[in-house]
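Visitor: Residues per chain are reported as follows:
Protein chains: 2
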Amino acid sequence: MSELRHRVKDGEVSSSDEKPPPQSNPESEDDELPPGADLSTTRQLSQSSDKTTEALDSALKGLNPRWRNWIIRGIFSWAMIFFFFLIIYLGPLALVIVTLMVQIKCFHEIITIGYIVYKSFNLPWFRMLSWYFLFTSNYFFYGESLIQYFGVLLQRTEFLRPLVSYHRFISFSLYVAGFVGFVVSLKKKHYLKQFTLFGWTHVTLLIVVTQSHLIIQNVFEGLIWLLVPVSMIICNDIMAYMFGFFFGKTPLIKLSPKKTWEGFIGGALSTVLFGLALSYFLVQFDYFVCPISYDDVNNKISYECERHPVFILTEVNLPTVAQKIFSVFGIPWKTITLYPFMLHSISMSLFASVIGPFGGFFASGFKRAFKIKDFGDTIPGHGGIMDRFDCQFLMATFVHVYYTSFIRAPNPQKILQSIWLLTTEEQIQIYNTLREKLTLRGLILDRATNT
Amino acid sequence: MSELRHRVKDGEVSSSDEKPPPQSNPESEDDELPPGADLSTTRQLSQSSDKTTEALDSALKGLNPRWRNWIIRGIFSWAMIFFFFLIIYLGPLALVIVTLMVQIKCFHEIITIGYIVYKSFNLPWFRMLSWYFLFTSNYFFYGESLIQYFGVLLQRTEFLRPLVSYHRFISFSLYVAGFVGFVVSLKKKHYLKQFTLFGWTHVTLLIVVTQSHLIIQNVFEGLIWLLVPVSMIICNDIMAYMFGFFFGKTPLIKLSPKKTWEGFIGGALSTVLFGLALSYFLVQFDYFVCPISYDDVNNKISYECERHPVFILTEVNLPTVAQKIFSVFGIPWKTITLYPFMLHSISMSLFASVIGPFGGFFASGFKRAFKIKDFGDTIPGHGGIMDRFDCQFLMATFVHVYYTSFIRAPNPQKILQSIWLLTTEEQIQIYNTLREKLTLRGLILDRATNT
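Respectively, the protein sequence lines represent chains A and B.
Here the first sequence stands for residues 1 to 451, where the numbers follow UniProt numbering.
Here the second sequence stands for residues 1 to 451, where the numbers follow UniProt numbering.
Since the hints were derived computationally from the structure, they do not count as laboratory data.
It is possible that part of the hints are untrue.
Heads up, the list lumps identical chains together, so a pair's fine if it works in one copy or across two of them.
[Unchecked claim] Taking lysine-lysine pairs in the DSBU-like style, the calculated list, with each CA pair at most 30 Å apart, reads:
1) 119 <-> 105
2) 300 <-> 437
3) 437 <-> 414
4) 324 <-> 334
5) 189 <-> 254
Whole structure, please, built from the sequences with the hints as guidance.
Guide: So, in structure tokens, the structure goes:
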């Protein structure tokens, strides 16, 4: 979970939301150690995570550590928010690059934990392989996205054409080369370590690379599909913290003892309201709602579009229950005029506040399992990048699936794109089949002939 | 690797291809196990793997164990081959069901090793979750395949329609429910175990489910895409063993000390020749070369088709080098008439014999890492199902990627299928756009008007 957390009032304030289990009682944990694992070394991760920029440190050295930490955390929170706006201003390409950088850093943080836990610093060749797998999977996923959205454009450049046509084969060959490399690199004394880290690498790829690829697909579908969910997670975190701080009484889940039902419900309601407002605001701008596509006529990347119906003001019938409720208050509303996207934003808000936190619980549990406080020390006062993105990944996947299931539907434009990738004869063949079938069904008058 | 292995002549014969490292010298291995490691329990897997059907055992009790094992292994080899032919005779549906069963059994074997190694039999709720994840990923992948090949058919059945339209959303929801279940099931003392097994489950899904899904896709594209590669792997194993047995001298790879260069090269050459012959034979029958599709006109599943060009006799120009070689022998061949599929079979043979074995090396290394002899004891004399399928999975993925990259190309039929899933208006819209663009390019004469 990102940003601040809701805590029971009497809970102590710490720089990280989830403290590792008390070190004073290691026996109760150690009986569960699986083969190959050695957690004594992971403390080097926890210890380094309080490192912060030295200039700031010296400027604040007069303050007590608790306040110093709050100030550092605050400064870097605002820095991140500013950075976020800057990237949005810079546009989709910047967002794609930043997503890639975040992904690489998250991969680095998780993989480093694996190296430390399984003491694999004596396997340099293997560590290179992990990065190689990161490269191949990115090559595959980014390639897929680029081909899907800009296939026609890429096909025009002579030297890119084979890369487009044989993208999957090339990606697979690259992966297999890594796989063979892994088998060749197996060393008798390190089998167990190597297989464990092979699995570790692949689970990390599954979590980080596939999901960050979905973030990029969301960006391509229109900036709003990134901005709204990302902001919702941040909003829910802050508001759940606030509600928990002021009204929190009833504990929510054992895994995160500081979470309360009051924070949970307050966060959810705030996120729904915030999501509606943000959606209403962003929907006004073509820049946010248009998918990024290649404009075949003007030969440039286009940020304009014919708006998808969810981004057009629509009169929606109120459910009878709602009509009755309004009529009790003497309001005779039978319909309401809104952007349908706002209704979808409610689904996203609910996911962000009900299921989203489980991404954070999962990350907390993971950190506890390996007795580390944070994933890294990239952002002073916040921990690692992964600590701030744990819920964003799951949210991005939800939005992607939601979008493809309820919004996109089979897209005539996409189908046309794939038709233009065919040979001329096949294009004519499709045209003729379409003409025949549509004529048979009486939908068009058949007077066309093809040469 | 499946079936028999090639071994250096003086190597001893064992029931399994890869013997675990000698137990007499455990120190050399155990120094890789950091504190907490416990592989002692895995021996219960190795020990149980020689269990065989009792009736056979008692019938053969007069023989010495080595011969008894050979006979049992032989009987079950032939039983498997017979079973294989039977399934092919029964057709694609039987193949899909058997693939699913094999996949479930492989999953079971791998996951059981995880449970034993990480002593997780005290986590019953978690073990159920593994199976739940197996179910959700199969639901997702099988659904994707069915929709891709029979979408139009499925759409016709009223109650299936939402399952088709929202397939990804439903699959994602099912998965997320499991994910939340995992987080909720986390128990303080078992974090590390639970996360390790969570990873173990997902890597197993990645290896077994995704790849077996590709096997099924291959079946849908035509039985030949399954039969040829599966037979190649078997042929390569047997022939590499034979060549190794009779001519083997030069060791190939440390990981499998019984493998020799002679076996490797002999196996590869035999597989290429065998692949050519088998391809030539199978190509004669529509039953093997036709993709399975839904015949919209006759309203039934169709095993007939207009043959793909690779399955039609074609005159191919010989490369100049080959022409020169033939002319040295006084043969003036400039072209050769063959089924292009036979050329593709050479690529597959080479993969089966050069890269394929690495699937087996990988499995061997895995078994050594966890000090087990076989994955299970499902097939008497052979070990677990996974022991026989380790190379088949990688091969299936190769064939799938190869097929989609070099054979399928964007398929007008597939595109038409996706057009019929659109609304009538969208179909007309596509028709009109096609008409305009094709008219502009002078490819059709525009005299059509739509109502």
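Visitor: Please go over all the hints and tell whether each is borne out by the structure.
Guide: Hint check results:
1. Taking the shortest alpha-carbon separations for residue 119 and residue 105, only the intra-copy value of 20 Å comes in at or below 30 Å, while the best inter-copy value is 33 Å.
2. Taking the shortest alpha-carbon separations for residue 300 and residue 437, only the inter-copy value of 19 Å comes in at or below 30 Å, while the best intra-copy value is 35 Å.
3. With identical chains, the CA atoms of residue 437 and residue 414 are at most 30 Å apart both within one copy (21 Å) and between copies (16 Å).
4. When the C-alpha separation of residue 324 and residue 334 is checked against a cutoff of 30 Å, the pair qualifies only within one copy, where the shortest distance is 9 Å, while the shortest distance between copies is 85 Å.
5. In this homomeric assembly, residue 189 and residue 254 come within 30 Å of each other (Cα to Cα) only across copies, at 13 Å, whereas the closest approach inside a single copy is 40 Å.
Every hint from the earlier list agrees with this structure, and none is contradicted.
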